[in-house]
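Engineer: Chain A is already provided as a structure; the job is to place chain W on it using the hints.
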Amino acid sequence: MARITAGVACSHVPAIGAAVDLGKTEEEYWKPLFKGFEYSKEWIKEHKPDVIFMVYNDHCTAFDASVIPTFALGCAPEFKPADEGWGPRPVPVVKNHGVLASHIAQSLILDEFDITIMNEMEVDHGLTVPLTLMYGQPEEWPCLVIPLAVNVVLYPAPTTNRCYQLGKAIRRAVESFDEDLNVVIFGTGGMSHQLQYKRAGLINSDWDNMFMDKIVNDPVAASQIPHIEYLREAGSEGVEMVMWSVMRGALDEEVELKHRFYHVPASNTAVGHLIMENKAA
Amino acid sequence: MAIQKDYEDIPGTFVFDADRARVGYPLNQFCISLGKQAGRDAFAADPEAYMASFGMTEEQKQAVRDRDWNAMFTVGGNVYYTAKLAANDGLSFQQLAALMTGMGHDAYREMMLNGGRPIEGNRYKSEWGEE
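Chains as they are written, first to last, in our numbering: chain A, 26 to 306; chain W, 1493 to 1623.
Keep in mind the hints are simulated off the structure, nothing from the lab.
Treat the hints loosely; a few may be bogus.
Claimed, not checked - Which residues of chain W face chain A? A partial, calculated answer using Cβ under 7 Å:
| hint | residue |
| --- | --- |
| 1 | Ile1502 |
| 2 | Gly1504 |
| 3 | Phe1508 |
| 4 | Tyr1542 |
| 5 | Met1543 |
| 6 | Ala1544 |
| 7 | Phe1546 |
| 8 | Tyr1573 |
| 9 | Ala1589 |
| 10 | Leu1591 |
| 11 | Thr1593 |
| 12 | Gly1613 |
| 13 | Arg1615 |
To be verified - Heads up, simulated DSSO-like pairs for lysine-lysine below, C-alpha to C-alpha not over 27 Å straight-line:
| hint | chain 1 | residue 1 | chain 2 | residue 2 |
| --- | --- | --- | --- | --- |
| 14 | A | Lys60 | A | Lys70 |
| 15 | A | Lys60 | A | Lys223 |
| 16 | A | Lys60 | A | Lys49 |
| 17 | A | Lys60 | W | Lys1528 |
| 18 | W | Lys1528 | A | Lys105 |
| 19 | W | Lys1553 | A | Lys120 |
| 20 | A | Lys223 | W | Lys1497 |
Said to hold, decoys possible - Residues on chain A that point at chain W, a partial pick, calculated with CB under 10 Å:
| hint | residue |
| --- | --- |
| 21 | His84 |
| 22 | Asp89 |
| 23 | Ala107 |
| 24 | Gln162 |
| 25 | Trp166 |
| 26 | Pro181 |
| 27 | Thr184 |
| 28 | Gln219 |
| 29 | Ala225 |
| 30 | Asn229 |
| 31 | Asn234 |
| 32 | Leu256 |
| 33 | Glu262 |
| 34 | Pro290 |
| 35 | Asn293 |
Glycine residues also receive a C-beta, built at the ideal position from the N, C-alpha and C atoms.
In isolation and in its complexed conformation, chain W is listed as follows:
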């Protein structure tokens, strides 16, 4: 019997479970390598060859080429890893967060200063009009 994933009905959230980690492994290993200068240099010198060296899927490579931060989650990425790619691009974590939420940096920063995103209306996908 399959494990019940009771967290799949949380809106706007990808819980990085062992299934996602298996799929995302090459992408995440690529991202984490950018935490070190040698990785950043190799990626800058030849992005395609460097991504290929990790055995990334075409979808994973395309998400990186597009810097589509949310698409990275659908192909197994986790934010602690993808944040290294963002840092490589010179983005702060808060800029990355703003991009993922699609609300713009100023609005995101303002929301955090005002106590963050409220829990009301953000517990279930049904509250977002999602399945």
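Looking at chain A on its own, in the form it has when it is part of the complex:
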């Protein structure tokens, strides 16, 4: 059967993608950030997931203001990198495991998570930057990717607890799929950042580190964090971190922490990164 063996938390700052695409990773500004992902590149090479289940958010790219699904699952055969105003990122097309994606869609809806099914979708930096951080610049992505786009732009985003429970439902869906597959789930976005109005530039390292402690060691407590806490303490765009709880819900309550990294700043944002393995895996 298919199994979720590990979870990865990872910021998806667009400037990180641009730094790689434009060959700036050796610049002083960027060096410390990419150093934090050296372990991760080795880890994923050894861990070799067949499928990545990527929980991310779209930044008004695939979805403009006309339709805003709370949870949208990619069921198309492939997803092209979107033009976000500067031309599409020069990264490979993302290939799906369509049969597993459809299985998960059906399983989730019958499990009372009424997700939206996407048979056509372009993907933006929210999805491609974490792949770049883990895999660098390959000709083809080495694994299949199932995208789950979560609305965190239009308030309210789904509650943290709803995200955590969805993670559990995703695990049930994956584990009821017959094919032997090694699945790694990603929760992307964050950490503290505010991109708008007079408080733009807010960073709260203490809160971010508290959040990382909690999401690793006490995911149930993390799942009870109200929206207002992200907004006030981690900035209006920090609410993206509800997506980490989708990832965390799909793992065992006790996990083995393999890697933890935190860095300020990448452009306007605090970067956080975790790799956790299920002990049974």
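Structural biologist: Just chain W, lined up with the frame of chain A:
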């Protein structure tokens, strides 16, 4: 009973909720269209006609004419959308952020390099001397 908006006392922040999204819809759809070349060309050719084609209010159009980035938030704009207008104008995101904060690009960039805007003193409007 109205929904309690406990986030309204955060200083320097417009939380883009469903009420603001409803009001800002024409402005945001206009902005996002500038992410594509066809939209940028049409806007450059005739800004007024292009804005009118989205049914924008006079206040929304004036905020765009003035490039008053903060006024755009008061008429329902969201930064992920207005950033497309900024990009159309050749501004980087960090330049836009500096304009919104009113602190100038060098000072903003320096603040980010030094760990960003601190949380202390920036949690509540009362700390900013605002209601």
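Engineer: A separate judgement is required for each hint: does it hold in the structure or not?
Structural biologist: Each hint, compared with the structure:
1. Ile1502: Since the shortest Cβ distance to chain A is 5 Å, the answer is holds.
2. Gly1504: The hint holds - glycine 1504 of chain W has a Cβ within 7 Å of chain A, the shortest such distance being about 3 Å.
3. Phe1508: holds (6 Å)
4. Tyr1542: Nearest chain A Cβ about 16 Å off; hint violated.
5. Met1543: Violated: closest Cβ of chain A sits about 16 Å from methionine 1543 of chain W, beyond 7 Å.
6. Ala1544: Nearest chain A Cβ about 18 Å off; hint violated.
7. Phe1546: Phenylalanine 1546 of chain W check fails; min Cβ-Cβ to chain A is 11 Å, beyond 7 Å.
8. Tyr1573: Constraint on tyrosine 1573 of chain W satisfied, holds at 6 Å.
9. Ala1589: holds (4 Å)
10. Leu1591: Since the shortest Cβ distance to chain A is 9 Å, the answer is violated.
11. Thr1593: Holds. Min distance 5 Å.
12. Gly1613: violated (11 Å)
13. Arg1615: holds (5 Å)
14. A:Lys60 with A:Lys70: holds (16 Å)
15. A:Lys60 with A:Lys223: violated (32 Å)
16. A:Lys60 with A:Lys49: holds (13 Å)
17. A:Lys60 with W:Lys1528: Violated: lysine 60 of chain A and lysine 1528 of chain W sit about 35 Å apart, past 27 Å.
18. W:Lys1528 with A:Lys105: holds (16 Å)
19. W:Lys1553 with A:Lys120: This hinted pair is violated, its Cα atoms lying about 41 Å apart.
20. A:Lys223 with W:Lys1497: holds (19 Å)
21. His84: holds (5 Å)
22. Asp89: holds (5 Å)
23. Ala107: This interface hint holds because 9 Å falls under the 10 Å limit.
24. Gln162: Status violated, d = 23 Å.
25. Trp166: The hint is violated - tryptophan 166 of chain A has no Cβ within 10 Å of chain W, the shortest such distance being about 24 Å.
26. Pro181: holds (7 Å)
27. Thr184: Nearest chain W Cβ about 14 Å off; hint violated.
28. Gln219: holds (7 Å)
29. Ala225: Since chain W brings a Cβ to about 4 Å from alanine 225 of chain A, closer than 10 Å, the hint holds.
30. Asn229: Where the cut-off is 10 Å and the nearest Cβ of chain W is about 4 Å from asparagine 229 of chain A, the hint holds.
31. Asn234: violated (13 Å)
32. Leu256: Interface hint status for leucine 256 of chain A: holds (5 Å vs cutoff 10 Å).
33. Glu262: holds (8 Å)
34. Pro290: holds (5 Å)
35. Asn293: holds (6 Å)
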